[in-house]
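**Q** The residues making up each chain are set out below.
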Amino acid sequence: MAEKVLMKGNEAVAEAAIRAGCRLYFAYPITPQSELIEYMAKMLPKVDGTFVQAESEVAAINMVYGASGTGRRVMTSSSSPGISLKMEGISYIAGANLPAVIINVQRGGPGLGDIQPAQGDYFQATKGGGHGDYRLIVLAPSTVQEFADMADLAFDLADKYRNPVMILSDGLLGQMMEPVEFKPAKTKEEMEKLNKQHYDWCMHPNEDEPDHHHHEINSLEIDPLILEQHVIKLGKKYDKITKNEQRHEEYNISADNKVIVVAFGTAARIAKSAIDQLQEEGINVGMIRPITVWPYPYEAISNVLNDKIKKVVVCELNLGQMIEDVKLAVNGKLPVEFLGKVGGILFTPDEIKAKIMDNRGE
Amino acid sequence: MEIIAQRPKSLTDLQFTYCPGCTHGISHRIIAEAIDELEMRNQMMGVAPVGCSVFAYKFFDCDMAEAAHGRAPAVATGMKRARPDMHVFTYQGDGDLAAIGTAEIIHAANRGEHISVFFVNNAIYGMTGGQMAPTTLPGMKTTTSPYGRDETDIGYPIQACELLNSLRAPYFIERVSLLSPQDILKATKIVKKALQFNKEERGFTFVEFVSTCPTNWGLAPLEAMKWAKENMLPYFPLGNFRDKSIEGGE
Ligand SMILES: Cc1ncc(C[n+]2csc(CCOP(=O)(O)OP(=O)(O)O)c2C)c(N)n1
Ligand code: SF4
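For the protein sequence lines, the chains are A and B, in the order given.
So for the first sequence, the numbering used here puts the first residue at -17; every next one is plus one.
So for the second sequence, the numbering used here puts the first residue at 64; every next one is plus one.
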């Protein structure tokens, strides 16, 4: 087994991305993701990679677009205000069927907000953010290890579906240190294979394909009938992703659960502590933690509901965003309660415990 | 039979979507001819902008990417950094390059990206129907400057070559025009020079074409050329601004 190292989430995910074959990274500094860009600046030149500090997040995501058009693994990262600037480029990347990985180390908003952990970008990440009918695959880690593991997963999913993938993290996971175990880095042979995996569509020297001088990277279809077909095709891809790629974790689900908690990312991490403490007191509370927040694991939630469960409690570090998806999953069968914290402030396990106890119907 | 003129290999056989008499067709052709002559086509990637030349990705027969409005230099940066073994050019209008994309062009030039930028200055937004551009001349009427461009209110036209010439990194900067056969011959040479430097990985090369938009200027093609000579050239003087291949050219 590989050795465990103590690392910040921001650095761990950067290291994991390099091991996954990412040799191109374009970004603009912003707290609380700066360790990520700094790690890339330091490490990419050592593996013959390319690091460019762009003039803005707008430029960075467009560099990603260009690099991705050549079929190479490419990544950018930012925090909330910078992610807003990337939305134009993300829409173009999605429209042009390009693979790319985008990391959002969320902070408090709206506007300039603050630099503390928050989950206020859930709607932006999962419901659009940029213009047009498109979907991002969105992965939500809740530990530093999972954050790192998701780099590999994100690149694989991006390449498999030719779709942008976002890792929706936050300032806590970015800044905290935890022991991490890394997968081995891609070998030279694996890198060569990766670099040619998209040769059927990407821009590359034409000697390899003497009769085909024209690869197009494009999201423009001026003829409505052609655009219609293009968007329908995108829709079919999103259906396939929805069918194949839902991921979630079930925690402490048992027949005597009266309350089911639903939380993602850092909120789920705190909820786990609350659930552990209650279990020691003899109270079993179950939790569903969506790992993909798009595609959303609706069925995983509806499947655990039964007659004994009185309520579903949603905990989020925002004013209530994912709760809309939980309500869709619960479909009116049970009341759905909400515990939120905003401003970049975390709830304590005690606050979650109190919310659960209030809703056990005893 | 001897062939003395034919479509360059670096252009597809699609019909251009440009208005009759528009200079976009000329600039496409001379770029394509230079790519052919320098045998760069197999390794060439171009970036099309948003503007009348938005379909340039269909017209140039090499690998092409269509960029968001103004972002071509950033897209080109990503392409060139990912494939340093290939060549990259962008083709951009004045709204694209000198308004919405000012940050991207200045920083790509300042980094000295090994790309060629072809800049079409027609003093107007062609595609969206004749609105004011950052290069619209003082007093010039457009649909969004119906009383004439008032430079005390909205500023003077931006001179892209002069602006980029304040940066140290660019290798080659020249302004040419497409307003007469002689000018077009000169432009052909300059485009080839820029692409030659591109092929030799010398650095950032920039060629501005003083162009026309007969449709939105409301002038016949030849009148448009005459108007541009009389009105644009005094403000946008032709010539070389930077050529690092010449001793003291910096
Ligand atoms: C973000 C964004 N803003 C605005 C537009 C609309 N738009 C399309 S072309 C254009 C102007 C292009 O003018 P220019 O770059 O001068 O090129 P020309 O059409 O004259 O060749 C504008 C404003 C757009 N497509 N995207
Ligand atoms: S609108 Fe102007 S720039 Fe556009 S194709 Fe017509 S003449 Fe050319």
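Be a bit skeptical, because a hint or two may be false.
[As the list claims (entries may be wrong)] One side of the interface only, derived from the structure: several residues of chain A facing chain B at Cβ under 7 Å: (1) Leu6; (2) Arg54; (3) Ser66; (4) Met69; (5) Glu70; (6) Glu189; (7) Pro206; (8) Leu207; (9) Asn341.
Source of the hints: derived by calculation from the structure; they are not laboratory data.
Quantities reported herein were computed from a predicted structural model and do not represent experimental measurements.
Glycine included, every Cβ here is placed at the ideal spot set by N, Cα and C.
**Q** Can you give the numbers of the hints that this structure goes against, from lowest to highest?
**A** As far as the earlier hints go, 3, 4, 7, 8 and 9 are violated by this structure, in ascending order.
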